[in-house]
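We have chain R already, so just place chain D on it with the hints.
These protein sequences, in sequence, are chains R and D.
When we follow the numbering used here, the leftmost residue of the first sequence carries the number 215, and every step to the right adds one.
When we follow the numbering used here, the leftmost residue of the second sequence carries the number 73, and every step to the right adds one.
Calculated directly from the structure, the hints in this document are not laboratory data.
Cβ atoms here follow ideal geometry from the backbone N, Cα and C, with glycine treated the same way.
Ranges between beta-carbon positions, derived for each pair:
1. R:351 to D:401: 37 to 43 Å
2. D:115 to R:330: 33 to 39 Å
3. R:348 to D:129: 45 to 51 Å
4. R:245 to D:376: 57 to 63 Å
5. R:388 to D:401: 55 to 61 Å
6. D:166 to R:478: 31 to 37 Å
Covered, in the sense of this in silico footprint (three residues per stretch, anywhere, with C-beta under 8 Å from a C-beta of chain D), are these stretches of chain R:
7. 264-277
8. 337-345
9. 442-451
10. 460-469
Simulated crosslink set (DSSO-like; lysine-lysine; CA at most 30 Å straight-line):
11. D:386 to D:209
12. D:298 to D:364
13. D:386 to R:261
14. D:172 to R:261
15. R:261 to D:397
16. D:323 to R:261
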Amino acid sequence: MSALSIAAPAPRRAPAKVLPGFNLTLGFTLFYLCLIVLIPLSALVFKTFTLTWDQFWAAVTGPRVMASYRLTFGASLIAALVNVVFGLLVAWVLVRYDFFGKKVVDALVDLPFALPTAVAGISLTALLAGNGWIGQYLEPLGIDLAFNPNGVVIALIFIGLPFVVRTVQPVLEDTEKELEEAATCLGATRWQTFSRVIFPSIAPALLTGFAMAFARAIGEYGSVIFIAGNMPMVSEITPLIIIGKLEQYDYAGATAVALVMLVFSFVLLLVINALQTWQRRRSGVSS
Amino acid sequence: MKKHTLIALAATLALSGLSASAQTLLNASYDVAREFYKDYNAAFAAHYKKTTGKDVKIDQAHGGSSAQARAVNDGLDADVVTMNTTTDVDFLASTGVVAKDWTKRFPHSASPTTSTMLFLTRNGNPKGIKDWDDLVKPGIKVIVVNPKTGGNGRMAYLAAWGYVKKKGGSDAEAADFVSKLYKNVPVLAKGGRDATTIFLQRNIGDVLVTFESEVVSVDREFGVGKVDAIHPSISIVAENPVAVVERTVAKKGTGTLAKEYLDYLYSEEAQEIAAKHALRPRSPTVLKKYSKTFKPLQLFTVNEVFGSLADAQKVHFNDGGQFDKIYTVK
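If we strip away everything but chain R, and leave its shape as in the complex, we get (with noise of 0.2 Å):
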């Protein structure tokens, strides 16, 4: 084998693409885009601007939009921090150990991708609410889960849970079990060989699992709906508030809070993309 390529050597010419030119695959890329997202996108923006500026202000701002948005986002971050912590503990556990029905149970973890939300919604009120399977122990406890922001939290969690297993377990797969060994035997804790060997390789992944999770939660509607009691002022998401408006016949209004919210997850999805560049070029110098 190793003769056969000394004898014919490679021509000096960039290797050919799998893919078609530059140009084309950009070209495409953009068409793409624009048909999937940039045009329904922008019907969104063209609407909201049938309002005027004072009008645009006052339906983003209104004291109950306001309060939607303060839980919408803060549940949607609470949610995706806890997924960041259980999820790579899923993920850690299927990559790492063999056991009986690890199949299995890994097939259950994309089931919150597959149910109907409203579906999710309706199983977690029914076990939450105060006469359900689990509701009622923690009643008398004065642990209250169903129809206030704890609900949402864990109709949150509940939907987020797939995207931070299914981005960290590939990476996890990929780092060598070698270099935990390595640092054991160089004399490091297990809280160093974590910190300093397993986190730098998987933070990446990590990131854009909580990015999903987040991004995800944010504009999920469907389970919350059921769970949340919908209380103005208290446990009402943003999108909630978008129906509501719809129902009083308030495009505008409703384009008109969709768009900030719009405008808020793409900046922090741009911050959280940000972050990851920083921290590959950060670890890809170090290492």
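Just chain D, lined up with the frame of chain R:
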């Protein structure tokens, strides 16, 4: 949005799968009217066959009342709309999809049936709830629909407000009354069925305020021994308006058929079907026949107390309105 596409898709599928011979009609209606229109459509088809010798096929599209109105406005090719809130048809009139004077096109302000707001309490009525006054007592938990997201909730709110006004109270007293009432609401349901689920399945609240049709059907389904239907002294008339979608019938040429379809809703046969589904018939004879279901109580219309539902919407439910003040002004 998702719902729209689904409804539109279902409608297209239904339309494309039809035989060419029978005339077809699409009725865009609200969620809980499903059973009523299933029976009514069969009755109408038989009646139409008998009088004209022609077959007719009626398709139904169901969804939240105002979601349906938006779908029709955005292009769902329904021939007729049958809603449970007049504002939904008003909206279609404002965009030119139905006639501006739609309330005059059919008898009784184009509402062949009505409903009203009643109470449902736990079996034996342990908290002794008899009338609206009992709902504002401290410690009573009331389940109602969020007026922001459902017509059911708007009617409950207006019924409570109208109760105070009808008893000679001022606007300020009415505002105070509804404010106290909503302070007793632990969970605001998204829609009528959601409220029923919260009250019955989740076992939350002492009393559920909802449409008479819902009260009757829950009473029937869950039977004696679980809930009690309570008739307050005064309640509101909630009209179930109907209209021909001019845009669609002009395109499809189904104007006459659509009108006949809605006209027949006023026939004794149709009124009786409505009564069986706990919708208050307009026909006095049918109403009398079903007086066991429709216990007489003092009723007032939205127009009597609020001018019109559109006015009520503006003052009470739009952003910054009276309902918002309950929660934002301390």
